[in-house]
Amino acid sequence: MSEGKPKIALYWCASCGGCEEAVVDLAEDLLKIAEKVDIVFWPVAIDAKKEDLEKLRDGEILVSFINGAIRLSEHEEMVKLLRRKSKLIVAYGSCSYMGGILSLANLYPREEILRYVAMEAPTVENPGETMFKEKTMINGVELELPRFLEKARPLDEIVEVDYYIPGCPPTPQVTLKAIETLLSGNLPPRGSVIGASDKSLCNECPLNSTKPEKLLVKKYKRLTHAEIDPEKCLLAQGIPCLGPVTRGGCNALCIKAGMPCTGCFGPLDGVVDYGGKAVSYLASILDVPPEKDAVLKALEGLPDPVGYLYKYSLAKSLLFRKRAER
Amino acid sequence: MDEAKTDGFKPNIVAIVCNWCTYIAADTAGVARMKYSPYVRIVRVMCSGRVDPQMVLWAFRHGADGVLICGCHPGDCHYKEGNYKAYRRYILLKRMVKQMGIDERRLRLEWISAGEAPRVKEVFNSFAEEIRSLGPLKLPVEAGSHE
Amino acid sequence: MVDEPRIGVYVCHCGRNIAGVVNVAEVAEYASKLPGVVVARDYMFMCSQGGQQLIQDDIRKYRLNRIVVASCSPNLHEKTFRRAAKGAGLNPYNVHMANIREQVAWVTEDPEEATEKAKALVRGAVERVKHHEPLEEKKVPVKDKVLIVGAGIAGISAALVCANAGKTVYLVEKEPSIGGMMARFDKTFPTLDCASCILTPKMNEVASHPNIKLLTYSEVVDVEGYVGNFKVKIRKKPRYIKEDLCIGCGDCVEACVFKNPRFYPKPDEWSLGLKRRKPIYIPFPQAVPRVAVIDPEACVYLKYGKCAQTCVKACSRNAIDFTQKEEIIDVEVGAIILATGYKTLDLRKLPQYGYGKYPNVYSAPEVEVLLNASGPTGGEVVLRDGRKPESIAIIHCVGSRDEKYKKYCSRICCMAALKLAHLLHERTGAEIYEFYIDMRAFGKGYEEFYRRVAGEGVHLIRGKVSEITDAALTPEEEGKLIVRVEDTLAGAIRRIPVDMVVLMPALEPAVGSRELAKLFGVSVDENSWFMERHPKLAPVASLTDGVFLAGCAQGPKDIPDSVMQAEGAAGQALALIDKGYVELEPNIAYVDEEKCSGCRICVGLCPFGAIEFDEERGKARIVEALCKGCGTCAASCPSAAIQQNLFKDQQVMAEIKGVLAAMRGG
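Chains as they are written, first to last, in this note's numbering: chain A, 6 to 331; chain B, 527 to 673; chain C, 1440 to 2105.
Where hints are given, some of them may not hold.
Cut-off 35 Å, straight-line C-alpha distance, at most; resulting in silico cross-link-like pairs (DSBU-like, lysine-lysine) [claimed, not checked]:
{"no.": "1", "chain 1": "C", "residue 1": "K1742", "chain 2": "B", "residue 2": "K647"}
{"no.": "2", "chain 1": "A", "residue 1": "K237", "chain 2": "C", "residue 2": "K1742"}
{"no.": "3", "chain 1": "A", "residue 1": "K182", "chain 2": "A", "residue 2": "K140"}
{"no.": "4", "chain 1": "C", "residue 1": "K1843", "chain 2": "C", "residue 2": "K1883"}
{"no.": "5", "chain 1": "A", "residue 1": "K327", "chain 2": "B", "residue 2": "K561"}
{"no.": "6", "chain 1": "C", "residue 1": "K1957", "chain 2": "A", "residue 2": "K224"}
{"no.": "7", "chain 1": "C", "residue 1": "K1626", "chain 2": "C", "residue 2": "K1613"}
{"no.": "8", "chain 1": "C", "residue 1": "K1883", "chain 2": "A", "residue 2": "K219"}
{"no.": "9", "chain 1": "C", "residue 1": "K1518", "chain 2": "C", "residue 2": "K1919"}
{"no.": "10", "chain 1": "C", "residue 1": "K1742", "chain 2": "C", "residue 2": "K1705"}
{"no.": "11", "chain 1": "B", "residue 1": "K647", "chain 2": "C", "residue 2": "K1764"}
{"no.": "12", "chain 1": "C", "residue 1": "K1518", "chain 2": "A", "residue 2": "K297"}
Covered by chain C, per the in silico footprint, the following chain B stretches (three or more residues, Cβ under 8 Å) [what the hints assert, rightly or not]:
{"no.": "13", "region": "536-546"}
{"no.": "14", "region": "634-648"}
{"no.": "15", "region": "651-660"}
FYI, nobody ran anything at the bench for these hints, they're computed from the structure. Predicted, not measured: the structure shown is a model, and the values here were computed from it. C-beta atoms are modelled at their ideal positions from N, C-alpha and C, and glycine is treated no differently.
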């Protein structure tokens, strides 16, 4: 390890591992980055322990990239440590940025989730109704499990976050662009989303030009129930595509694969609540009479508004996030 | 609803109202000295079509126990059809907040024309009473579970 | 926030109006402690010269850059305080009002609750005004023409004032002739002067006035634009007569193939169906324009394509033109006056009075036509069977002042009933019985008129008639209509047999006024009358800038009041036009191009087509002149790139947060 190269760390909290994959997906570019930096901590890939981290001076790490939501006491402990040791903390990926898919679990109380997982899930057989325990004595040794917290939290509700890289997971392109920004020394204002676009997905979507002059929708359809023309704007065809309300920068990968945008890059600056804004435009462009039944019928293709409109951002919604102001 | 929860409870209610109908009707209700619940606070917009669902969520977030949206009757919108857009958003938003654990009765939309001052009193009172009986809103961020 | 806010808060006592309920000193004290507030005061009358001066002095002394006035509705005094701020060099849009009179003091019983609510509204205004920023008023030139809808006495009066001031007036009337309801009257109260003697000259003046473009048999079908610049589409129905050739001689009417009056195809509109008319007709002798009209639903040729066309042969001027089509006329005007009048309540809705069941029960307008020298009987009052009535009952308040029908007083009926009493007695010598609840004689000369008619031997019976029946109980009731009433002065139930009953029906807004209200964007009150901006201070303006109200369209009125309001409306229209320009409220929406993602959600949502999409640059653009400032696009923009001036996201949300913060004891 040469002293001159900036040190970086990577860490995962409650995540699926996709963000780690995304880093690996940088392929040769990862090697180029590795030439410029020292990766001092990356549990997935290199053998470094918490103790190694503790040995570093405070602020010795230039950037720590943290993915995953905060759901266990262990996550809390580790990110606080990383915060101390790092100049910059970057929330990497949607879970770390906005709570992500797993923050949809915040709709349910902690105990209900634990009960379900331990006893009620169809794949579980637990006649003795054994429940998770944080402390267990085995052969006279006390074993400790991290505590399952009340809610899944985005990283910035636990420690201060300097920058956000969105995506589920962030694409290699977004990651590279963000790293370039961070290494350039010309840093954007603290709290910015980096690596992505400052316009919505429509701005870069190849289908944007196929929109009709007046974009109105008679009825929303579920992708699985609809026959769609992949060459035409999906929203115009009644597929509730979240491209208009979602930050671009992904190069419209899902759209190119015939899928609507599901919102993993989160909202643009100036939007206060992603789901609220999504409700606003999706409902506004409905071209049905203002009668309850007609509107409900047109919305049949959106059976789970929270799951669909806050798929990645429930923990960051106005009603769920810790701080009312951003 | 248990007594302890609602006894002496003064609900916080925001009414986001259209300038051309309900706002005028509320002025007329004032001129006619109609007395109604003091817990409804009016916030004026030019049209119910201006009501962004974000505003409703914002109100809940900042302490509203109930949010009322008031606009012109269907067909009477000063801007042709802003109220229709308000209505469509309202239906979807209502479903969404319900899923988020908020009793959907805490969000209400009513049409009140400029000439319907007595309806201002009626609607405000009935909404205030409904919210009073529901008790203070516990936000999902504070609450462990559904309301 | 644009700059560091330095806010002045002014809490108005409004005499005792606010201060009698709200603890204004406490509200001011509360406001003074809010962040950003430099000075907070309470004052007796903020709208007074002294109150405005106070604001202006403070702006200079404390370098205030935001003003909150907590007083009455902004609909009353927003302009006043904006002007005051402007006078002290502050941008007028850095002023915001908290409505603590109409929304607090006047509607809240408990003084403590009222004070708390007032604080909340003040807090909302303070938080909001922090996000205000200077805005430019847009000055737009005004078209110097006036549209007047409805050509009864109100519309005619307004038209003449505007035309005499040199303005072009488009006077639109849906009937084939102007004149309205007044043209049916024989005499007018309280002077009993001849209605047509005073109306006909005015009608003729309209017809010949070089500045008045008379569009009869026409209706407004579309209105676009805004104060000073309305674009109006008018549909002129075909008369099948060339107006410029017809001289109103009536030869065609005479010559029409229909000869027997009993088989004329249509009830005559002007006579309210008391006689029938031919397919080709002149509405009434004094009609203006005095031009024949052909009813396509009745004309044999227009219906079946075959007729002897005796009318065509009779017309020496070749004025008949069966090929005429409806015409759409586009006009651009700066001001609009709505004078669409009233209709009378459908008396079949009150079956207890037997209208439509007993032929000798008449509505007051029918009797007006009967009395009219141009009417079906030449002014002679005879019943449908040709008899001359020997006793007549006139019933007031039919559907007026009645919870079940119209709660309001129709205002004209008492005097009109007295007038009819006088005229009917004069023409028939009959005994007249008048049944009233209260005799309302409020106008100039009205009380005197009441005394005069009362002195003529009319039987005035105070009581609400319960029923008109033909079920006779005694021989003298046989063949008569019996009025059943509780005489509240005599304290007795009475049955009064008469030959003829005249009902004074409630007035209600003219047919189609709801649709018209939508078309012109004016509000209506609970009874569907067009709503004035303020019952006392702006009784002629509607709530829509540039649209004024005249006559019964705004509420029941007699002729003097209708003419007064019409001339007032004309004055308002002229004041607007002669100023030459209007300042538009800058509450329009705009696109922040930096933020616009080009998603086009907004484009289809604008009801006025004010949003264009610039394909080349991939940005939406708002056409300022077309934007009416509803804010629908701002609410829907998924990039938060569209904002609405005076109703920006931050402004509205700050206000919401503010009113709630105060409630939470903040």
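TODO: Verify the proposed pairing of C:K1957 with A:K224, using a straight-line Cα cut of 35 Å.
DONE: At roughly 29 Å apart (the allowed maximum being 35 Å), A:K224 and C:K1957 satisfy the hint.
- [ ] Confirm or reject the coverage of the region 634-648 of chain B by chain C under the rule of 3 or more residues with a beta carbon closer than 8 Å to the chain's beta carbons.
- [x] Contact hint for the region 634-648 of chain B vs chain C: holds, 7 residues under 8 Å.
TODO: Quickly compare the C-alpha distance for C:K1843 and C:K1883 to 35 Å and report which way the hint goes.
DONE: Holds - the C-alpha atoms of C:K1883 and C:K1843 are around 31 Å apart, at most 35 Å.
Open item on the list: Just to be careful, I want the Cα atoms of C:K1883 and A:K219 compared with a cutoff of 35 Å; is the pair within it?
Closed with: Roughly 59 Å between the alpha carbons, so the hint for C:K1883 and A:K219 is violated.
Task: Pair hint outcome, A:K182 versus A:K140 [Cα-Cα no greater than 35 Å] - done: violated, 44 Å
Task: Restraint status (C-alpha distance of C:K1518 to C:K1919 at most 35 Å) - done: Distance ~63 Å between C:K1518 and C:K1919 Cα, so the pair is violated.
Open item on the list: Tell me if the straight-line CA distance from C:K1742 to C:K1705 falls inside 35 Å.
Closed with: Status holds; Cα separation ~14 Å.
Open item on the list: Hinted pair, alpha-carbon criterion (35 Å max): C:K1518, A:K297. Please report holds or violated.
Closed with: Between C:K1518 and A:K297 the Cα gap is close to 40 Å, so the pair fails against 35 Å, i.e. violated.
Task: Restraint check for C:K1626 with C:K1613, where alpha carbons must lie at most 35 Å apart - done: holds, 25 Å
Open item on the list: If you count the residues of the region 651-660 of chain B with a beta-carbon closer than 8 Å to a beta-carbon of chain C, do you get 3 or more?
Closed with: violated (count 0)
Open item on the list: So if I understand the rule, the pair passes when the alpha-carbon distance is 35 Å or less; does A:K327 with B:K561 pass?
Closed with: violated, 38 Å
Open item on the list: Verify this for me: three or more residues of the region 536-546 of chain B with a beta carbon less than 8 Å from a beta carbon of chain C.
Closed with: That given contact holds, which follows from 5 residues of the region 536-546 of chain B lying within Cβ reach (below 8 Å) of chain C.
When held up to the earlier numbered hints, the structure conflicts with 1, 2, 3, 5, 8, 9, 11, 12, 15 and fits the remainder.
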